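Engineer: If you're matching them up, the sequences are chains A and B in order.
Note that the numbering used here numbers the first sequence so that position 893 is 893, with each residue one more than the last.
Note that the numbering used here numbers the second sequence so that position 152 is 1119, with each residue one more than the last.
Errors might be hidden in some of the hints.
Unchecked claim - The calculated SDA-like cross-link candidates involving lysine to any residue, where the alpha carbons are at most 25 angstroms apart (straight line), are:
hint, chain 1, residue 1, chain 2, residue 2
1, B, Lys982, B, Phe993
2, B, Lys982, B, Arg1149
3, B, Lys1137, A, Ala455
4, B, Lys1137, A, Ala43
5, A, Lys460, B, Gly976
6, A, Lys326, A, Leu369
7, B, Lys982, A, Ala455
8, B, Lys1137, A, Lys460
9, B, Lys1137, A, Leu369
10, B, Lys1137, A, Asp50
11, B, Lys1137, A, Lys326
12, A, Lys460, B, Ser1132
Source of the hints: derived by calculation from the structure; they are not laboratory data.
What you are looking at is a predicted structure, and each value in this text was computed from that prediction instead of being measured.
Residues per chain are reported as follows:
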Amino acid sequence: MTPERWRQVEPIFDGALDLAGEARRVYLDTACQDPELRAEVEALLTADRDSGEFLQGSAESFLGHPDLEFDPTLPDDIPANTMIGPYRVVRPLGRGGMGQVYLGERADGQFEQVVAIKLIRQERNSALVHRRFLAERQILARLEHPNIARLVDGGLTADGFPWLAMEYAEGAPLLAWCDQHALAPDARISLFLRVAAAVRYAHQNLVVHRDLKPSNLLVTRDGQVKLLDFGIAKVLSPGVADQTGDSASPATETGLLMLTPEYAAPEQIRGEPVTTATDVYALGAVLYELLTGKRVHHFDRRTPGEMERVICEQDPVAPSSTAPSKRLRQSLRGDLDTIILTALQKQPARRYSTVDALIEDIKNYQGGLPIRARPAALGYRLRKFIRRHRVGVFASATLAVALAGGVAATLWQSRVAAREATRAQAVKEFLMGLFQSADPAESRGREITARELLARGVTKIDSALAAQPALKEELLSDLGRIHRDLGLYDPADSLLSRAVVLASETWGSNSREYATRLTEWGAISRLAGHAARADSLLKAALDLRRHILGPEHPDVATTLTELSLAADDQGDTPRANDLARQAMNIDRKYYGPTDLHVARDLELLARLHSTVEAEEPMADSAYRAALDIYRQHYDAGHPDVLRVKDGIATNLRRMRRFQESEALNREVLAEYRKLHPEGHPDVATAMYDLSQVLERQEKYVEAESLLLGALAIRRQMLGENALPTVETLNDLGVLQAEKGDTAKAEATLREASERGQAGLGAGHPSTLSALGNLAVVLTRQAKLVEAESVLRQVVAGRRLRHSEQPGLSRALSSLGIVLRDMKRYPEADTAFNEAADIARQNLEPRRNLLALAQGALGVSLVRQGRLQEAEPVLEEAVAMRRAYLDSSQVARLWDERHYGNTLLRLRKFAAAESVLVPSFRNSGINPGAIAVRRELAILLVNLYRDWGRPAEARKYVPDTLPQHRSP
Amino acid sequence: MAQDDDITGLLVALKGGDPAARDQLFRLIYRDLHARAHRQLARSRPGDTLSTTALVHETYLKLVGSTHQAYLDRGHFFAVAARAMRQILVDYARSRLADKRGGGARNSTLEPEQLAGPQRSEDLIALDEALIELSQLDERLAETVELRYFAGLSVEEVAEARGVSPRTVKRDWRKARAFLYRAIQGDVVTDLDGPDSD
């Protein structure tokens, strides 16, 4: 079919779709004069009629193994000794609707712990499910009550199945235990009250059990009640709707299958929201059975339809009429009947509004006081009343539920939901406004860029949202984060500062929201280079969060982490270290020692250690501990695993354990290549890191080809002007310069600078770094005028950010060298002195930077003939070079040469000899040191000649010849 | 790496109508989706199925991430992601077909009663070809199919993504289904008549 034809066919087809029979025929007769056209339309209409289930559903089940039917039965039991997380399987305990339960014990020898592990054979492979699983797990982990079996740990198996480890409780099921001990009704009620109190505690912590039943209630050997599987039902069936408003789907088949119909409330069967009232119902059912020995409902047929009918429509028989003995019947009649039947009301709103109210009424009964619940007769009258005044009663009933104590959760949940809805709508309108207000005259036909839109958002936010401070506050923060993500730190900083002010006005300066914004502002302030301010903001946020949330809350850990980064930026690595450690301790306690949060904390700690030379071994062990945790959650090819291995490799490189580092880098690269055979930014990163370690081993050829490979991937996948592209160009330029390809290096570094300026901005650290390297290459070619102007730009850029101090020091030294070579000595020396001061100011003195500044200053002083002053300066430079550089490295050899030269000119022959002779010997093993070796030889000839030892002078003459190549 | 950071900018650029942004986004999403599918396939056992909807949403979470950016532009993201998912499925179907037969010969026999969705590689390729034809006639209908079928979006989500009413989406969906059904059936007929059915 041609597009022209389709334009004729489509409207007629469309028009005919809503018509049937005769009407359609008449319409087609009039619309289609051409019989071929009509045939086309008819064919489409036939297809529409016949298409049935075609393409209904989605491409869902297409990938996979099409030749086999899906097998819903569970796989075989996991054999003993299999590892699930840090636990070793001991034996199976049983299987439930969603998976198996195993007895497990902690296997890492840290401490002895026996747990029940639930392995969930459902819903794997979905990030949404996993996220919810993890979120729920965190909530459940908060429940700490002597009568609730604690959630100990949880995670994903290597296969991606969720698992939960619960405190393992040994004991007898509640009902069996009561019968065994022939417990009297009063004692049974007391036991029940303990169960109810545990449920009340959970409700106060916003957790609904959802699946209370006698088999989930154990009595341990010492007579303690234990509630099992708290909240697990929700974790296991995220599709089931609840009042958090995050899932609108009705109860699925799976959800229904999971329920135990004898104890399920009508709203669970109907797929309506589950609330605390659901647990009230189940408690009623448990009490019913506990006292009468009979279940609330009996099903003639266990079909879904039959079960739904009975649960939702059939009123239960009063406990007193079904109890086995006359005496029991008498004691149940009246108040206990009323209490139990009130709990078992079909409508959630007509049950006890909270578990607390149920407990209170039972206590009233026990104490002989009048109970609050009214018998069903009144309920009957109420029902009639409701029918007459439906709306009003519904509203007040809802309100009553909402206001009652423990169900504050309900209110809170619905408020959150309402707030989210309002917010979504307002945000949408706000954004639409941005696009609508695009003025064609202003944009003059060109595309509006993302940044322009953002700028417009910033200017409009005041007028558009003046009346909604809470929303405006959130949006300011959102806009701030977007700016941050785009690297626009200054606007992000000012947006967050406004959000903070607004948060304090809206929520008060003692609120969680305020603390959150303070943390965000602090984090962005740090990125924007205001380290001191970041520090004080984050400290305030930390105090506030500790005060509101308690010292062990994970949000406190978040702030601690940011504070640690800020301390690191200020060069206070020990403090950064301490803060990161505090964050890790909180996360360890809160999430458990093998949680991914802890792994991330360890990674930060490792990174901090790795910046301090003496602590590199500690970095190594922290990295390896993080790796252990990641490996428990992920397989060997997981990006997080590979990233940590990369960190280990980089740290090994710093420790100068090049061969181990290289091996690990190669392993990581191979994994990434396996993962992305057709190229991926991660592959580029791995190639880049490998190239770095090769370069340190002077394997320049392979290093360069890896860099070129990384560059090609980054250019293509991330963009020509993207940060990693610029950085790769920069490194490639440096490598080429080191190899001596000065012209190539200049071209590469020019490109890096230009792309950096275009894509990242002139002030971006990576742009500045490329410019700085370009200047060095220019200096080497004696293009001093251009080098000076480039370096002035770099120095100005580096001065803007506190965190760029090391870069500033280096740039000042480079500038000094240019000025020195232009014989502008006073300016040069000022630059060197500032560079040295900065290097000294750091708490962890940057020896390389100090050596660079001092060495260059010494040369400057020598050239000015100020030999006496030059001597100690060069002595310091040499001392520092010797502390961190191998004896054959060029930078060290040059400083030794300058120092020796100074000593010679001061006629301190013996001292000069002791510097120059070993230096010359060492230069022989480094093929890259030809130039400096020749300089050293010349000095030695001069030294021995001046010293009056011509025989020794002669030995060095061959090495002074320019064409000489060392072996 | 920078790909996470770039997504927001790309989405905004895409909304601003930048075709280069679309290409770049497609590449990013394709690779992420592909890696995910690849990893899960490697790990799956006979009888397992992969949820394409879950894959697309996972990629969305990974690349766009936290909810604060979610309002930026889900629609454009899903449009691109649906195209990427389609591409991956078709690539996969072709490679599987090639594995089985050592070539691209088609021997499709569709039974209309069982057309709940193309379960076999051949069917998916046929669907892809029909979709290509449809997109040349009516891009909007083809995109609706991609969003519904390959990204697994609901009618309401498609409506939101495309900025049209749910009614329009339902209408487009119905027309597209009819067109594709007919195109694929036409294929079967040609195939059966054709000399190349071995």
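Engineer: So, against the hints stated earlier in the document, which numbers end up violated here?
Structural biologist: Per hint list: 2, 3, 8, 9, 11, 12 violated.
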